[in-house]
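Trainee: If you read the sequences in order, they're chains A and B.
If you count by my numbering, then the first sequence holds residues -6 to 379, one letter each, in order.
If you count by my numbering, then the second sequence holds residues -6 to 379, one letter each, in order.
If you are wondering where the hints come from, they were derived from the structure by calculation, not from laboratory data.
Any given hint could be a false lead.
Where chains are identical, the list cannot tell them apart; a pair therefore holds if satisfied intra-copy or between any two copies.
Stated by the list, open to error - Only pairs whose alpha carbons sit at most 30 Å apart, straight line, appear in this in silico DSSO-like list of lysine-lysine:
1) K113 / K42
2) K42 / K231
3) K29 / K(-1)
4) K184 / K42
5) K42 / K292
6) K145 / K0
7) K42 / K20
8) K292 / K44
9) K170 / K185
10) K42 / K236
11) K20 / K146
12) K170 / K114
13) K236 / K44
14) K292 / K315
15) K98 / K114
16) K146 / K97
Values in this document were obtained by computation on a predicted structure and should not be read as measured data.
There are 2 protein chains.
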Amino acid sequence: MVIDYKKELEQAAKTMILVHEPDTLIKMIARTIVQKVKVSHAGILLYNKEKNTYILTVSRGEPGLKIPAGFARMDLDNPLIQFFKERYDKRLLGDGVLVYEEAKKILKRQAIGEGIPELKKALYQLEIFGAAVCIPAYYRQELMGLLLLGNKKRGRFRREELDFFIALTSDVTMAIKNAQLFHELELELEKKHRLFIHTTIALATAIDAKDHYTHGHTARVTNLSLEIAKKLSQKYKKNLDEKFLEALHIASLLHDIGKIGIPESILNKEGPLNEEETKKMRQHPHLGAVILQPIPELKEAILGVKYHHERYDGSGYPEGLKAEAIPLIAAIISVADTFDALTTQRPYRAALSKEEAIEEIKRASGSQFDPEISQAIIDLYKEGKI
Amino acid sequence: MVIDYKKELEQAAKTMILVHEPDTLIKMIARTIVQKVKVSHAGILLYNKEKNTYILTVSRGEPGLKIPAGFARMDLDNPLIQFFKERYDKRLLGDGVLVYEEAKKILKRQAIGEGIPELKKALYQLEIFGAAVCIPAYYRQELMGLLLLGNKKRGRFRREELDFFIALTSDVTMAIKNAQLFHELELELEKKHRLFIHTTIALATAIDAKDHYTHGHTARVTNLSLEIAKKLSQKYKKNLDEKFLEALHIASLLHDIGKIGIPESILNKEGPLNEEETKKMRQHPHLGAVILQPIPELKEAILGVKYHHERYDGSGYPEGLKAEAIPLIAAIISVADTFDALTTQRPYRAALSKEEAIEEIKRASGSQFDPEISQAIIDLYKEGKI
Chain A
-6 MVIDYKKELE
4 QAAKTMILVH
14 EPDTLIKMIA
24 RTIVQKVKVS
34 HAGILLYNKE
44 KNTYILTVSR
54 GEPGLKIPAG
64 FARMDLDNPL
74 IQFFKERYDK
84 RLLGDGVLVY
94 EEAKKILKRQ
104 AIGEGIPELK
114 KALYQLEIFG
124 AAVCIPAYYR
134 QELMGLLLLG
144 NKKRGRFRRE
154 ELDFFIALTS
164 DVTMAIKNAQ
174 LFHELELELE
184 KKHRLFIHTT
194 IALATAIDAK
204 DHYTHGHTAR
214 VTNLSLEIAK
224 KLSQKYKKNL
234 DEKFLEALHI
244 ASLLHDIGKI
254 GIPESILNKE
264 GPLNEEETKK
274 MRQHPHLGAV
284 ILQPIPELKE
294 AILGVKYHHE
304 RYDGSGYPEG
314 LKAEAIPLIA
324 AIISVADTFD
334 ALTTQRPYRA
344 ALSKEEAIEE
354 IKRASGSQFD
364 PEISQAIIDL
374 YKEGKI
Chain B
-6 MVIDYKKELE
4 QAAKTMILVH
14 EPDTLIKMIA
24 RTIVQKVKVS
34 HAGILLYNKE
44 KNTYILTVSR
54 GEPGLKIPAG
64 FARMDLDNPL
74 IQFFKERYDK
84 RLLGDGVLVY
94 EEAKKILKRQ
104 AIGEGIPELK
114 KALYQLEIFG
124 AAVCIPAYYR
134 QELMGLLLLG
144 NKKRGRFRRE
154 ELDFFIALTS
164 DVTMAIKNAQ
174 LFHELELELE
184 KKHRLFIHTT
194 IALATAIDAK
204 DHYTHGHTAR
214 VTNLSLEIAK
224 KLSQKYKKNL
234 DEKFLEALHI
244 ASLLHDIGKI
254 GIPESILNKE
264 GPLNEEETKK
274 MRQHPHLGAV
284 ILQPIPELKE
294 AILGVKYHHE
304 RYDGSGYPEG
314 LKAEAIPLIA
324 AIISVADTFD
334 ALTTQRPYRA
344 ALSKEEAIEE
354 IKRASGSQFD
364 PEISQAIIDL
374 YKEGKI
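Use the sequences and the hints to build the structure in full.
Mentor: Have a look at this one:
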């Protein structure tokens, strides 16, 4: 009989460790206690750090018996919380569990004394909740939560059962603490990622601003590159994983970073560049790669920066790579970069309409651009996505 | 008797979940098994992902009995590993545990048949290790490790004991898996942090390079600022926490980022700037703050960028803040920035020696600089740290 639910609960407590999302399992545990142990109701209050209060996370049992939603939280000044926070258990309760009937007996024998008023107040709370037993869960002296159990439908709780619930509560507490630590670490990782991306964006934007004719260019090329990549995975089933997309994101943001090494007089010249100036200007993909080269994690992104001015037919720069020899990441940025350049006003020509720019890309497919990628941006245009 | 060690081991297995560094606890478990259960020796082999092999992580027991270091690893083709990887247990061993004596009986009854040759080979491995029992640990179908136990010093293993070891092995496995997941997440966080710092350094260096007279300036100011902060915490017991130091790191790296908005003709002008040019140049702290302002996580770092040209007596820019009104992060960068500027050659003057620069800072303590911070850099100089 006892063994019957014990195994289930033990298994659940163990599984929780790896789930790192213990809410569902806590609910399952409360349900199992109610159904298998035949307890009229069971509730679990858990400490919530942000709100600095104890929240009724689960309440199971028949309506009228289970703890109602109105008691959804217990603040730090609740007598039951205070009772367990102060650890009166050492003096009044040998094993730290508050059993209503046992405590009543203590009060009968000992009407006054240290801790007695607090015990009385705590018992009154149990009466409010219709609870026969309250088991606290600690993690390093800190009260993490409370398990409240109603009466058993038949007979009383046996010592053995209480021991089991104490062990179970401790397991659950540890699993929850573990999940919290995990969650905090995940949040930190997310935060760091956002910080990295946002700082890169800020710096890229600042560098962008040097080039008077390309305001907002970087942001548009980045969005466009990521859209093209999405299209390529959908249409051509290219296996572009998370890692590739992250590299593409960084590479698009930083594709013109090398322009920081180009004199302002060239960057902002009104009218076409002469041969000498063109030569200088064409160094920017190489300069960008040199700037980022000390960062091993950016290896793939650097390919995008370095080769985004290569052309499919091999007539591009800096290395004159051809077709498949051009890294995919660079070929994508190349199309996005050109599309944005064409649709933006330059000192020496007016902006093309999107339709005209797409026509231009169509014409240059197979010469300047990889045909698959050209097709991808054409599709995006037709679908009204750009 | 049994209870005696059970509680200890159960407690250890639970504690492991939160330790996230289970090596010590695994060792403790092996020792407890040997001492309390009175087993001649106990060894634990754990799967190592990078090396794709099973490594003898702990081996306890008397010399001559315990598994020697020579058997420190089992590759995937080891018959014992193969036996458990293929899960022959379902057919030959009801509960998945390989007990030497029981298996010998099976072989006596059934000399040929499916799985029999593999069982024979596996038993031969147990003989090599002098093991009476081998308990596998799985995580989602994957063989994570093996617990090998020698003979009990008195009597045989009881069913109850084996059941307990199976449960224990499963607990340990889960704790280890959990620790691994945790460790992986921590590594990822570290990696992301490095990526963020390195990218910031690369971009800051590139911007640095625009200003021909300040080669390496950013890196030197960053190191100096961090040294000053260290000195301040030691000497003045200032409570500079991890968060502050990280902000100072970023702020020092980016303190001149606003120079990207200053025309090259001013940045690189040989000879002193005229009034108009000086006014432009003095916009760089403000411009830097504007560039970084969209990044909420850099709130404190932005203070360092924005106010690193304020002066203690209120005669600085952009806001003319005075004394304590100047954020500490900015006051630190101000001293480090000036020290580096003084000791570097500029178009209009030669570089000062470190001694001369320190004299200069001493003179300006209380007017240009916060006296405590001036003293900190003087101390660093006296100690030969700069």
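Trainee: Take the hints in turn and mark each one as holding or not.
Mentor: How the hints compare with the structure:
no. : hint        : in the structure
1   : K113 / K42  : within (28 Å within a copy, 56 Å between copies)
2   : K42 / K231  : between (45 Å within a copy, 28 Å between copies)
3   : K29 / K(-1) : both (9 Å within a copy, 26 Å between copies)
4   : K184 / K42  : both (19 Å within a copy, 28 Å between copies)
5   : K42 / K292  : between (41 Å within a copy, 24 Å between copies)
6   : K145 / K0   : both (19 Å within a copy, 28 Å between copies)
7   : K42 / K20   : within (20 Å within a copy, 34 Å between copies)
8   : K292 / K44  : between (44 Å within a copy, 25 Å between copies)
9   : K170 / K185 : both (23 Å within a copy, 25 Å between copies)
10  : K42 / K236  : between (34 Å within a copy, 21 Å between copies)
11  : K20 / K146  : within (20 Å within a copy, 45 Å between copies)
12  : K170 / K114 : within (29 Å within a copy, 44 Å between copies)
13  : K236 / K44  : between (37 Å within a copy, 23 Å between copies)
14  : K292 / K315 : within (20 Å within a copy, 46 Å between copies)
15  : K98 / K114  : within (15 Å within a copy, 64 Å between copies)
16  : K146 / K97  : within (20 Å within a copy, 50 Å between copies)
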